[in-house]
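As they're listed, the protein sequences go chains A and B.
55 is the number that this note's numbering gives to position 55 of the first sequence; each next residue is one higher, with no gaps.
399 is the number that this note's numbering gives to position 242 of the second sequence; each next residue is one higher, with no gaps.
No wet-lab data here; the hints were simulated from the structure.
Here the structure is a predicted model, which means the values were calculated and not measured.
Please note that the accuracy of each hint is not assured.
Said to hold, decoys possible - Computed list of lysine to any residue pairs in SDA-like fashion (alpha-carbon distance at most 20 Å, straight line): (1) K135/A x K208/B; (2) K176/B x E138/A; (3) K135/A x R310/B; (4) K135/A x L540/B; (5) K208/B x L153/A; (6) K6/A x R310/B; (7) K547/B x E138/A.
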Amino acid sequence: MGKVFKFQQDVDTDQIIASQYLLFSTIDEMKAYTFESLDPEFASKVKPGDYVVASENFGCGSSREQAPSVLKALGVKAVIAKSFARIFYRNAINIGLPVIVCKDLHENVNPGDEMELSMQEGVVRVNGKEYECTKLPEYMQGILDQGGLIASLNKED
Amino acid sequence: MGATIIEKIIRNNVGKEVKPGEIVTVNVDRVMIHDIFIPFVASKFEEMGFKKLWDPDKVVLIYDHLVPASQVDDTRHFRVGNEFVKKYGMKNIHRSDGICHQLMTEAGYVKPGNIVFGTDSHTTTYGCVGAFSSGIGYTEMASILGTGTMWVRVPETIKVTINGTLPENVMAKDIILKLIGDLGADGATYKALEFAGDTVENMSVASRMSMSNMAIEAGAKCALFTPDEKTAEYCEMELTDKEKDLIGDSDAVYCREIVYDAKDFVPVMACPSNVDNVKPVSQLVGKEIDQVFIGSCTNGRLEDLMAAAEVLKDKKVAPFVKLIVTPASRKIYKQAMENGTMAILAKAGAIITHPSCGLCCGRTGGILTDGETVVATNNRNFLGRMGTSKVGIYLASPKTAATCAVAGKIVEPK
Chain A
1 MGKVFKFQQD VDTDQIIASQ YLLFSTIDEM KAYTFESLDP EFASKVKPGD
51 YVVASENFGC GSSREQAPSV LKALGVKAVI AKSFARIFYR NAINIGLPVI
101 VCKDLHENVN PGDEMELSMQ EGVVRVNGKE YECTKLPEYM QGILDQGGLI
151 ASLNKED
Chain B
158 MGATIIEKII RNNVGKEVKP GEIVTVNVDR VMIHDIFIPF VASKFEEMGF
208 KKLWDPDKVV LIYDHLVPAS QVDDTRHFRV GNEFVKKYGM KNIHRSDGIC
258 HQLMTEAGYV KPGNIVFGTD SHTTTYGCVG AFSSGIGYTE MASILGTGTM
308 WVRVPETIKV TINGTLPENV MAKDIILKLI GDLGADGATY KALEFAGDTV
358 ENMSVASRMS MSNMAIEAGA KCALFTPDEK TAEYCEMELT DKEKDLIGDS
408 DAVYCREIVY DAKDFVPVMA CPSNVDNVKP VSQLVGKEID QVFIGSCTNG
458 RLEDLMAAAE VLKDKKVAPF VKLIVTPASR KIYKQAMENG TMAILAKAGA
508 IITHPSCGLC CGRTGGILTD GETVVATNNR NFLGRMGTSK VGIYLASPKT
558 AATCAVAGKI VEPK
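Please put together the full structure from these sequences, using the hints given.
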């Protein structure tokens with residue numbers, strides 16, 4: 001079980017990690033500033049195993065891979081949204097952060113709710129209810145299962 | 158069955174017919190890495206265990222976001238980049254020649270029908286010459302550097318047809334802003350945009366570039382124009398039959414078709430703080446402004462500077478407004494010097510800066526603070542992009558921006 005951190009639609013990559021922090025040399029230095037403009041306390045409150053839940057078009061904007069990377073570094077178990085921007089979606093899978101499309105969840109959860117995701121079953125359980133989520137295409141699930149693109153490439157060698 | 162432009166480009170690359178939704182591995186023709194991400198690309202490349210680049214001539218490194226360095230830490234990016242170039246035998250590096258997306262086509266790195274990836278979301282720009290180009294992250298870039306290949310999902314295509322003559326004060330920027338407003342910030346996610354019609358056929362490559370540049374603001378994977386004589390002249394080449402065939406077939410399948418009549422377009426702005434929050438300038442008239450920015454990979458080209466100069470000739474920028482002009486490349490800077498554009502801008506009171514990303518990514522001179530308003534010709538007005546999160550950024554065409562600079566408030570271009 002993990003806690004829900006809830007965001008709205010069109011959360012852009014500048015809001016996930018602002019450009020001035022991209023100049024830090026490591027993700028660990030950056031992660032304290034995750035969602036700074038939307039929820040300055042996010043980085044101190046979030047615990048490994050928690051979830052980010054959002055509405056449409058999560059991660060729109062720049063190609064910065066630091067956006068999914070800071071979420072993964074903070075231990076976010078998965079981002080569950082109504083839809084994702086393309087580059088964020090690819091980047092997340094490539095670094096091994098699960099990104100799950102679930103159309104009905106957003107309206108039915110509140111910040112702080114305890115939630116559980118089963119990727120195998122393709123369901124989210126929260127507040128005594130189950131919500132179906134879209135499974136990843138096989139090719140992408142393969143990359144994710146192996147822990148991201150680096151692990152996946154190493155395995156091909 | 159016919160094919161769309163993106164289906165033809167991918168088909169030509171993989172050597173077999175493709176359908177939207179299919180996942181295929183393509184051979185990459187060129188990649189672009191910029192200064193912000195080179196340290197991460199370099200470390201991922203080595204972490205992956207690669208010993209050499211798949212083809213050093215196909216890799217281009219461009220310093221633009223951080224040029225010239227404004228903080229000591231920025232110099233680390235140049236140091237890491239220079240070491241990478243030396244270690245892996247790269248030749249294609251630009252240290253202060255301008256913005257990456259401008260240079261990729263201007264310096265001839267991208268040709269019609271190419272497949273190109275870059276570590277920047279506005280890599281969609283090269284669709285202006287009929288190339289499939291898209292932004293990726295640094296892990297994926299490192300993987301291409303080692304393998305020369307990349308998996309892609311063949312996208313569905315949205316066809317946008319525009320016919321007729323544009324009103325005098327409407328620029329390509331107004332068209333793409335209107336389209337983004339109509340599609341919404343995620344209206345083209347995972348999809349290709351394909352432009353057609355006599356309005357875009359009559360446009361310069363520079364104008365097409367403004368449009369393909371901003372396709373990502375509707376979530377698009379790429380935005381394609383059919384290569385034509387203008388493309389051939391711009392790319393300094395003759396088009397082969399295969400390149401001329403990069404046009405959507407009449408029986409191609411589109412997931413959506415949008416048709417505009419050019420005469421219906423009006424000058425518009427994207428209002429704070431979403432690019433799809435688009436309104437006619439006529440509804441925003443009177444809003445006082447503190448700064449105007451004319452530049453970026455969207456609108457820092459010669460025709461943009463000339464459009465601004467036409468407005469600013471024999472006029473002065475309002476006394477409380479700072480007008481910052483940043484040419485997109487050194488070549489454009491030189492051309493604007495030689496044809497007198499720079500003299501007009503300088504005389505009107507513009508602050509003219511070196512070619513780079515400049516204020517667009519909030520890195521160099523012109524940062525704003527709470528309560529201030531800027532009219533800007535770049536591609537994003539996200540919260541906090543040009544200073545604090547309480548700065549109002551209005552995106553507009555160079556003509557509209559220059560008109561506002563003189564008036565000191567939002568006004569319609571005359």
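Cross-check of the supplied hints:
no.	hint	result
1	K135/A x K208/B	violated, 36 Å
2	K176/B x E138/A	holds, 17 Å
3	K135/A x R310/B	holds, 16 Å
4	K135/A x L540/B	violated, 33 Å
5	K208/B x L153/A	holds, 14 Å
6	K6/A x R310/B	violated, 30 Å
7	K547/B x E138/A	violated, 43 Å
The structure shown violates the earlier hints numbered 1, 4, 6 and 7.
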